[in-house]
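Chains as they are written, first to last, in this note's numbering: chain A, 1 to 369; chain B, 1 to 284.
Source of the hints: derived by calculation from the structure; they are not laboratory data. There's no promise every hint is true.
[As the list claims (entries may be wrong)] With the C-beta cut set under 8 Å, the calculated list includes, among others, these residues of chain A facing chain B:
| # | residue |
| --- | --- |
| 1 | L70 |
| 2 | P116 |
| 3 | T260 |
| 4 | T262 |
We put the CB at the ideal spot given by N, CA and C, even for glycine.
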Amino acid sequence: MRARVIARADVLKIVDLLRPEYEVIAPFRGRGRDTFFDTVTEANRALIQIHVPNPYYPPKRFVLPHIERLLTVRRDEGHLQIEPTYDAPKRAIFGIRSCDVAGIYHLDRFYLGREPRDVYYARRRRNLLLINVVCTDIEQDIDDVCFCMCADTGPAARDHFDLQLMDMGEDFLVVAGSEAGQVLLANPIFKKGTAAHITQRQQILGQVRQRFKNTTSWFSAAVRYITQGSILDKTWEEVGNRCLECGGCTYVCPACTCFTVTDRTTSTGEIERVRLWDGCALSGYTRMAGGFNPRKAVHDRRNRRFFRKLAHYFIQRELAMACMGCGRCAAVCHGDVGMPSVVEMIRRATAELDNPQPESRTATRTESP
Amino acid sequence: MTPSLPTAENPYLPQIAVLDRVKDEIADVKTFHWHFKDPAAQELFQKFRPGQFAQVSVFGAGEFPASLPPSPTEQKVFFTVRQVGSVTTALHRLKPGDEFGVRGPYGNGFPMDDYAGRNLVFVAGGIGLIPLRSCVIYALSHREKYRRIQIFYGSRDPRDLMYLSDLREWEKSAGCECHLTVDRSDDHWQGNVGVVGSLFKKPGVQVPVENTTAFVCGPPVMFRFVIRDLTAMGFRDQDIVSTLERYMKCGIGKCGHCCIGVAYVCIDGPVFTFEQIQRLGEQI
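Next up, chain A with everything else stripped away, as it sits in the complex (with noise of 0.2 Å):
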């Protein structure tokens, strides 16, 4: 892997560079903390961000949209008429954080991990490219939520992109992660780099790494009693106590898989199938037709979005936590039950555990959920 470096006046020519061929998005501000990926146009070129707070809406939506139509349904004189239908432009996310990188790579290991692979996201996927800006700016692109160094994804991703930039004040250090990088990188507008570029890149990261000091995530400690499922009700209750049931959580996440399926009209009496992101939080998730809901009280809900993101035999399955690390669960959280409060309440309930008070000792244990 050769590194190059472009001018920090050149960098939008990357953005130039890939537009003929692919719709380009990008991380732009809108009023006050808000920032957003949008498409980037003639118009709002100039206003591209390079170091700017995460968006809340997380990019993974370009390879699993918030609403997907799946399938459209005619009827012609009372047949059937199924057609499939596959929305998949060539896009690059220029500015993806290294956390929504990994959230990303997850979202990979997934969908298309065993089989049957799911052909939506499958396509989409092959048409994305990924340049990932390295979070370096301790005021803009570092928030106090943000954890991606517990989770080990940050601030600097190792792989998973295509093309990586990391801002080194005159100039980008740009690595290339894939081979559609590589052909990137041959490009006139990328100079060669010199062993200096390599320590400077060191000690930057030497110093953004500082600024996650207070910022901690003590995930070994949840995985092990989660696995084990000896984790108190009585620390899910309390978990579940605060959980609001407005799904935040899983519609902010980079790793949440899970979606529904509906069927709706359109006006014009086409039927379309179109699956839509769903969250484990909410109380109709796993309610059948009938009533019988299995999952009906709240702390068995949120037991289950903290299993199914740490619990081993997943970590296994997909090689990693479906934890980022990129801290929006704790943003936008109302009852503070993001990840890293709840990982707290696991360990300080554990603490109890491991130095016993006669109550807790006779107190239930949960199964895994």
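We have chain A; now place chain B onto it with these hints.
Chain B alone, transformed into the frame defined by chain A:
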């Protein structure tokens, strides 16, 4: 090489099915006989195993998982469905000749070959007979592979007994013992009255425990009591099998709805031994 269907590329794509006839079973429950429009799809589908299920689409209303009550040995396909939600209601409104969608078969099914040389005890309550019917017919058509076959079936009252013609046939058959019961009798009922577990203690009934697999399917209350009875009789947890139902959207391990613990009911199930069910760790 097996012929490849569009579903091989896109597992979400249903094949068009045509409804042939509808038979009333009991109140709110009907049997829908159908065939695929594409004979190649029919041929592939026909290779399903007892205990597998299919995703049934009534377009505009949605899709739901339905067990496959026929046995692959019967060369016919049908669903038996209770009208309980919006999609099943839409299915109940279809008329012969109407088209709908089917994809599958999905799930692990019962490993019927593994039970060769064993006694089979089927215990069903109410519409729990729907998924077990496939195994009973399959076992009876491979009669030489199994030892004793017993069927214990109960419903709330005589009008709620499913698959009456099959029951009559099984009662007369020399190949199996079929014991029926109802919770509440009516003027015409001359059989046993009581819960399905009461049949195990009926005079003349002897349930083999050694080298026996017990299939249990029915409403949660019935399930709990039958498990208690079987355990008391000496059945080991790994010799009791059942099939679970869950809200499902995809049938292929992606949508997440049917996940219990680490198990996806749609791909790791729906058939689980009682030993596995206990390890899943959620209410079933």
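Hint check results:
The beta carbon of A/L70 comes within 5 Å of a beta carbon in chain B, closer than 8 Å, and the hint placing it at the interface holds. The beta carbon of A/P116 comes within 4 Å of a beta carbon in chain B, closer than 8 Å, and the hint placing it at the interface holds. Here the hint on A/T260 is kept, as its CB sits about 5 Å from the closest CB of chain B, short of 8 Å. Residue-level restraint check for A/T262 holds (minimum Cβ-Cβ distance to chain B is 6 Å; threshold 8 Å).
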